[in-house]
Amino acid sequence: MPGAHEATTVPASKAVNGNGKAKKSKPTVKAEADDDDDIPLAAATKPKRVAKKAKIEPESDEEVPKPKRKAAPRKSKVKEESDADHDSEEDGGPKKRKRSTKRAKKEESEDEVPDVPKKKRVKKEEDPEKEKIRLRKEKEKEERERKKAEKIKKEEEEAAAVFRWWEQDKKDNSQKWTTLEHQGVYFPPPYEPLPPNVKMIYDGKTVDLPPDSEEVMGFYAALLETEHAQDETFNSNFFADWLKVLGTHPPRNSIKIKAFDKCDFRPVFQYFEEEKAKKKALTTAEKKALKEERDKIEAPYAFCIIDGRKEKVGNFRIEPPGLFRGRGEHPRKGALKQRVRPEDITLNIGKDSAIPKPNMPGKWKAIQHDNTVTWLANWIENVNQSHKYVFLAAGSSLKGQSDMAKFEKARELKDYVDQIREDYTVELKSKVMAERQRATAMYFIDKLALRAGNEKGEDEADTVGCCSLRCEHVTLEPPNVIIFDFLGKDSIRYYNNPAVEGQVFKNVKIFKENKDEGDPVFDRVTTASLNKHLNNQMKGLTAKVFRTYNASITFQTLLDEQQEKLKNATFPEKMAIYNAANRQVAILCNHQRAAPKTHDQSMEKMRFKIKGLRYDRMKLRHQLVALDSKQYKKRFDKEDEEDEDSDIDDDWIEDYETQLEKVELEKAMKKFAKDNEKRAADGQEALPQEDLDTKLEGIKTHFAELAKERGTGKAKGRGDAEKVMTALQKLEEKIALQKSNMSEKDKGKEVALSTSKINYLDPRITVAWCKANDVDVRKMFSKTLMTKFPWAMEVEDDWKF
DNA sequence: TCTCTCGACTCAGAAACTTTTAG
DNA sequence: CCTAAAAGTTTCTGAGTCGAGAG
Numbered sequence: 001m002p003g004a005h006e007a008t009t010v011p012a013s014k015a016v017n018g019n020g021k022a023k024k025s026k027p028t029v030k031a032e033a034d035d036d037d038d039i040p041l042a043a044a045t046k047p048k049r050v051a052k053k054a055k056i057e058p059e060s061d062e063e064v065p066k067p068k069r070k071a072a073p074r075k076s077k078v079k080e081e082s083d084a085d086h087d088s089e090e091d092g093g094p095k096k097r098k099r100s101t102k103r104a105k106k107e108e109s110e111d112e113v114p115d116v117p118k119k120k121r122v123k124k125e126e127d128p129e130k131e132k133i134r135l136r137k138e139k140e141k142e143e144r145e146r147k148k149a150e151k152i153k154k155e156e157e158e159a160a161a162v163f164r165w166w167e168q169d170k171k172d173n174s175q176k177w178t179t180l181e182h183q184g185v186y187f188p189p190p191y192e193p194l195p196p197n198v199k200m201i202y203d204g205k206t207v208d209l210p211p212d213s214e215e216v217m218g219f220y221a222a223l224l225e226t227e228h229a230q231d232e233t234f235n236s237n238f239f240a241d242w243l244k245v246l247g248t249h250p251p252r253n254s255i256k257i258k259a260f261d262k263c264d265f266r267p268v269f270q271y272f273e274e275e276k277a278k279k280k281a282l283t284t285a286e287k288k289a290l291k292e293e294r295d296k297i298e299a300p301y302a303f304c305i306i307d308g309r310k311e312k313v314g315n316f317r318i319e320p321p322g323l324f325r326g327r328g329e330h331p332r333k334g335a336l337k338q339r340v341r342p343e344d345i346t347l348n349i350g351k352d353s354a355i356p357k358p359n360m361p362g363k364w365k366a367i368q369h370d371n372t373v374t375w376l377a378n379w380i381e382n383v384n385q386s387h388k389y390v391f392l393a394a395g396s397s398l399k400g401q402s403d404m405a406k407f408e409k410a411r412e413l414k415d416y417v418d419q420i421r422e423d424y425t426v427e428l429k430s431k432v433m434a435e436r437q438r439a440t441a442m443y444f445i446d447k448l449a450l451r452a453g454n455e456k457g458e459d460e461a462d463t464v465g466c467c468s469l470r471c472e473h474v475t476l477e478p479p480n481v482i483i484f485d486f487l488g489k490d491s492i493r494y495y496n497n498p499a500v501e502g503q504v505f506k507n508v509k510i511f512k513e514n515k516d517e518g519d520p521v522f523d524r525v526t527t528a529s530l531n532k533h534l535n536n537q538m539k540g541l542t543a544k545v546f547r548t549y550n551a552s553i554t555f556q557t558l559l560d561e562q563q564e565k566l567k568n569a570t571f572p573e574k575m576a577i578y579n580a581a582n583r584q585v586a587i588l589c590n591h592q593r594a595a596p597k598t599h600d601q602s603m604e605k606m607r608f609k610i611k612g613l614r615y616d617r618m619k620l621r622h623q624l625v626a627l628d629s630k631q632y633k634k635r636f637d638k639e640d641e642e643d644e645d646s647d648i649d650d651d652w653i654e655d656y657e658t659q660l661e662k663v664e665l666e667k668a669m670k671k672f673a674k675d676n677e678k679r680a681a682d683g684q685e686a687l688p689q690e691d692l693d694t695k696l697e698g699i700k701t702h703f704a705e706l707a708k709e710r711g712t713g714k715a716k717g718r719g720d721a722e723k724v725m726t727a728l729q730k731l732e733e734k735i736a737l738q739k740s741n742m743s744e745k746d747k748g749k750e751v752a753l754s755t756s757k758i759n760y761l762d763p764r765i766t767v768a769w770c771k772a773n774d775v776d777v778r779k780m781f782s783k784t785l786m787t788k789f790p791w792a793m794e795v796e797d798d799w800k801f
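According to full-length UniProt numbering, the first sequence is numbered sequentially starting from 1.
A few of these clues could be false.
Said to hold, decoys possible - Restricting the straight-line Cα-Cα distance to at most 25 Å, the calculated cross-link-like pairs of lysine to any residue (SDA-like) are:
| # | residue 1 | residue 2 |
| --- | --- | --- |
| 1 | Lys-291 | Lys-357 |
| 2 | Lys-291 | Tyr-301 |
| 3 | Lys-244 | Lys-278 |
| 4 | Lys-779 | Ile-577 |
| 5 | Lys-605 | Glu-744 |
| 6 | Lys-447 | Gly-540 |
Claimed, not checked - Label-pair restraints from in silico Cβ distances:
| # | residue 1 | residue 2 | range |
| --- | --- | --- | --- |
| 7 | Asp-600 | Lys-700 | 29 to 39 Å |
| 8 | Ala-580 | Asn-759 | 16 to 26 Å |
| 9 | Lys-633 | Pro-572 | 46 to 56 Å |
| 10 | Lys-700 | Arg-294 | 56 to 66 Å |
| 11 | Lys-288 | Lys-700 | 44 to 54 Å |
| 12 | Tyr-389 | Gly-518 | 50 to 60 Å |
| 13 | Glu-329 | Ala-673 | 53 to 63 Å |
| 14 | Ala-161 | Thr-284 | 21 to 31 Å |
| 15 | Met-360 | Pro-195 | 18 to 28 Å |
| 16 | Gly-502 | Gln-368 | 19 to 29 Å |
| 17 | Ser-740 | Ser-782 | 52 to 62 Å |
| 18 | Ser-782 | Gly-502 | 18 to 28 Å |
| 19 | Glu-794 | Asp-516 | 52 to 62 Å |
Hint data in this document are derived by calculation from the structure and do not stem from the laboratory. Built from N, CA and C at the ideal position, the CB exists for glycine as well.
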């Protein structure tokens, strides 16, 4: 790879290596196009060096994003107080928190149980049956509420129990722990052979496989109706690996498996489906019992003791064997991922800690006591020889610390970013090709939030990032648009056509000259060289810091811009504003998801619903015409109205009304039947049939009237014009809301918000925003996020990124 | 020096599972 | 109120980034 890479870069490399005469390959066309190109080399480099120095002493105070500490005025005190009552937790105040929280917790949890049984005696008059039902319901409701409250209490307790590392002064970071105890890893249960009647078929004959080869066959059978089974690479990798297993574990009924096409895995697939259905059919209680049992077995593995504190372990379950599911065009997808055994695993544990015993036969590969790393166990996976680790959970102190450090580093960039931008803007015109390329790459990383883009091997999917972009990935569209179209991380397509600065456009044009589609755009830049340069500009700065910085600063800015709208907003409105900002960041970072399978369908549903609302609105308008046509004319523009509702024609109305009528008739009948059932159960006489008949007749008459109104532009009024106006108003709002919901939903169908929320948005932005706008943070952060970000929860409402 | 490889960590979307909402 | 579907959350594990050290 490296060799090939070098070989393809001839023209540009010559240009640069020539150093003094670097110019020579460039020429001609563009020389006259950009005059600024001939700044002498010395001049181009010198100011940069000066600038660099200046940067290291952070004397530069003139950055733009200045809205720091005092920017936002305190939000209304009143609100803060009034909503504080339910969470006594949070207003414990910063000072006494440490001691008091723990104690308070205990007390609360103790005296919380007794106050439950209170509803017991209720008037026993009226209908005893009804009374019973009512009682039961109330109890259930109480129960639910109690559970909810308990859950919240528990959560708060857990929160109170976390080690408040962010209040300590942090020191040396190279040592990650002093003592470390843990239970090792949890191996999945051994393979259980299929029941004897479940067999795959080869060339029309059932195959009697021994467990080892049957297991691998089952891995594939389970995927029969997924995309994987349609993939040639996947199939051939699977088949090759399975044949190897079959070599040592051949069918017991001496069938020779040779051709993939002759394999029929369907019976096994069907068996799996049945098992799945059985599992799904279990009652809630049964499922719960199973889960409890599992949790009990796993409990010892779920926590470790680090420096004397109990903390959660992340992925202590060893990955079960299966078929490797690489993303995109991964050449190894479908390969057999073998069962991991104790012999594969190295444990990292404290010197004085007891060595755990594996939960399956075998001995650990090795035991080490390296406290400069954070992992508890590691092994090398057989498909790509990649290292796998067991780490602590996201909410642990170790992870929390580095997470916070990441955001602090990104915030530090605020103080440098202006200078850095200035520098690379100058370097965009550098005579030194390497510098010019680097500056251009930095421009993309900064403006477009591209990833660094390391080199990749032959045995991986062909994806790229900034530094590894190839000519085929960027298309120039004069005067200044660059079209990016490439597969990035996880083979997710990045497509964007930003207008760029003229110099950047020119540069890319130069970089692409005399190269083939498959040649790198930046042949003189590597992620290592780029990061080295960035580190010179700011200690600890790397390409990925820009992504964090840009995501968070964008988010903060967007939220700040919406501040006005938030003043009197309802909760859903606030939520919408927050999510809109979140979405914009996700788009910047190109975080995608597969559109939900049911998306189109649910869009159609919404559209239909809105049309129904518009029908209702039309009827109301027609009522108004009948009641007070002057008022109507005053309020509505006939043209507009007809325009928007042009799809509501008489045919559609007829269909719709027929449908409505049918539904209503059915509803009435159902209700009648149900009422009678109930009465029968209560020993009462059934309602007379004519009750129903009258009702049905009424409905029919109503719809007959509607049918008559069709096309007249008028409708029978109910109530006065005033009332109709009010109803109309409400309906308008409802329609607008539904429409906006629909368009938001559609816009967001392929955008994944979660990735940025978890990894890129400084949680303190959210916490401060929630405090300032009187929103419960738990509405914006799921439980896991809450436990992931304990360090962010105490910022003031005016905190800014 | 510079490049290459290894190791350890963050970040990524899909799948599985759970809770909420709609009908 | 009950069920089914949708929405939301958590788990899973693959795919990146990037520093360090060897050659």
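Verification of the hints:
1. Of the supplied pair hints, the one linking Lys-291 and Lys-357 holds, its CA atoms being roughly 24 Å apart against a limit of 25 Å.
2. Of the supplied pair hints, the one linking Lys-291 and Tyr-301 holds, its CA atoms being roughly 16 Å apart against a limit of 25 Å.
3. A C-alpha spacing of about 33 Å is found between Lys-244 and Lys-278, which places the hinted pair above 25 Å, so the restraint is violated.
4. For the hint linking Lys-779 to Ile-577, the alpha-carbon distance of about 14 Å falls within 25 Å, and the restraint holds.
5. For a cut-off of 25 Å, the pair hint linking Lys-605 to Glu-744 stands: about 15 Å separates their Cα positions.
6. With a CA separation close to 20 Å, the supplied pair Lys-447 and Gly-540 stays within the 25 Å bound.
7. Checked against the hint of 29 to 39 Å, the pair Asp-600 and Lys-700 passes, with Cβ atoms roughly 36 Å apart.
8. Taking 16 to 26 Å as the suggested C-beta distance range, the pair Ala-580 and Asn-759 conforms, at roughly 19 Å.
9. Lys-633 and Pro-572 have their C-beta atoms about 35 Å apart, which leaves the hinted 46 to 56 Å range violated.
10. The given range of 56 to 66 Å is respected by Lys-700 and Arg-294, whose C-beta atoms sit roughly 58 Å from each other.
11. Evaluation of the 44 to 54 Å hint for Lys-288 and Lys-700 yields a pass: the beta carbon distance comes to about 49 Å.
12. A hinted range of 50 to 60 Å for the beta carbons of Tyr-389 and Gly-518 is inconsistent with their spacing of about 35 Å.
13. At about 59 Å, the CB distance of Glu-329 to Ala-673 agrees with the hint of 53 to 63 Å.
14. Against the hinted window of 21 to 31 Å, the Cβ-Cβ separation of Ala-161 and Thr-284 comes to about 30 Å, which satisfies the hint.
15. Take Met-360 and Pro-195: their Cβ atoms lie about 24 Å apart, and the range 18 to 28 Å holds.
16. Distance hint check: the CB atoms of Gly-502 and Gln-368 are about 56 Å apart, inconsistent with the given range 19 to 29 Å.
17. For Ser-740 and Ser-782, the hinted distance range of 52 to 62 Å is not satisfied, since their beta carbons lie about 25 Å from each other.
18. Distance hint check: the CB atoms of Ser-782 and Gly-502 are about 45 Å apart, inconsistent with the given range 18 to 28 Å.
19. At roughly 56 Å, the beta carbons of Glu-794 and Asp-516 sit within the given window of 52 to 62 Å.
In terms of the numbered hints stated before, the structure departs from hints 3, 9, 12, 16, 17 and 18, listed from lowest to highest.
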